[in-house]
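Protein chains in written order, with the numbering used here: chain R, 1 to 353; chain F, 354 to 455.
Hints listed in this document are in silico derivations from the structure and should not be mistaken for laboratory results. A few of these clues could be false.
Unchecked claim - With a Cα cut of at most 16 Å, we get these calculated EDC-like pairs of lysine to aspartate or glutamate:
hint	chain 1	residue 1	chain 2	residue 2
1	F	K402	R	E220
2	F	K437	R	E239
3	R	K263	F	D401
4	F	K446	R	E228
Remember, it's a predicted structure, so these values are computed and weren't measured experimentally.
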Amino acid sequence: MKTGIQSWLDERFGLSNITKFLKEKTVPQHKHSIWYYTGSAILLFFTIQVITGFMLVFYYKPTLEGANESVARIMTEIPLGWIIRSVHSWSASFMIAFVFIHLLSTWLTKSYRNPRELTWMSGVFLLAVSLAFGFTGYLLPWDDLSLSATKVGTDIPRSIPLVGAWVTKLLRGGEDVTGDTLTRFFGFHVSILPVFIFILLAVHIYLIQKQGMSLPLALESKKEEVKEIPFWPNFVYRETIVWLLLLGALFSLAIFFPPSLDKAAELMAPAPEGIKPEWYFLFLFQTLKIFPAKIFFLTGDTFAVLLMLLVGILFFFLPLIDNKPAERKGRIITIIALVLIVYAVVMTIWSLL
Amino acid sequence: MKLRKKKFLGMFLLVIFFVSFLILQLNFAQQVTQEEQEEKVQVKADQDKIIPSPQNIKESTGIYVFVAWMWIAILVLIYILSLKIREVDRLLKLRFLSTEKK
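Next up, chain R with everything else stripped away, as it sits in the complex (with noise of 0.2 Å):
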């Protein structure tokens, strides 16, 4: 029995199509099910991140003086402020954790295949975004780390020839890191970087919902019927569980290990010893330390950077060249993705150490 607010709603909005086509949908239900539970889990952390983050940006001042100082008024003056900047922050890490579980277990189950390459070249593009996010975040709290590591992060294009010096000083807003940086990725992390991953998550979920979900390359091939579940109640019940210990788990390290803050970073001050970027980007810096000087013609840097780029690149386009998964060039390129995982949490390590 509809209300008359939902008349009125859904006479002007048409949200009964909706609420038909959630009744109707349906969820595979199989031994690789728990995949499906990840993209729902980046939504939830992306949801926090920009409450959290309308929060934070009431205070914050993105200038090179005020920068340091208004997060340390967060932390130590606003009530709870130390709480919501953790929060933001962790539930940053667990975002950017679950985009790489969620692209890993669909390149592992191979769910790209035809007729879903958009779905993951739109996915490839929402972690390069969620990984923009999290370098333009690292430095705003403008200390003397996140200013080092922004220093050595937007070096790395100039090694690109031809565009590599255009580009940095794109980053920088000038030729080195200086207030003006730190304006500019203020600018990209809470306008221009939201834009792009609003419509990408909207082109990104009509997809899904266009195509419906994948069932794993393995069981398709075996060809017999997969149970299926409704999406609503019974998806959305067991989505309930894993949100409900996710924002457990986020709460409670948010609260017993929040990030700190060190002082005001100096523009003509050495650089620290151990810069490090966040977790994520800790194995593309490993990789980058070990090159040699000079690989042929190239310096060490320059290829090391132009072969990120190619990988970049054939991970972007891994469904057109994965175009047959079930035959041996498929299960080669799950090989080399069982590797790269591998290789990745192994430079994580190496670089920690």
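Position chain F relative to chain R; hints supplied.
Only chain F this time, still in chain R's reference frame:
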């Protein structure tokens, strides 16, 4: 009737969960007095690194109570949801819920 009771209990716990969070926030807001603020500014000037932590025993107790309450609420909600899942799965088996496309 049983289902309505469980639904009510679930909603009640959710409301309590959020209300306790709001009360905690109000409590924190009242604690930040002028004196404490001056003290914090002094401490900030004295040290280079700010490590966030509860400022006094009241705040610290409040946080422990909140975390304990949060986990209890989560566990109770998970228990209720697991009962609901069992029920809707049974309904699906009895074909009261359908997965067929119309």
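These are the hints, each one checked on the structure:
no.	hint	result
1	F:K402 - R:E220	violated, 55 Å
2	F:K437 - R:E239	holds, 13 Å
3	R:K263 - F:D401	holds, 5 Å
4	F:K446 - R:E228	holds, 11 Å
When the structure is compared with the earlier hints, a violation turns up for hint 1 alone.
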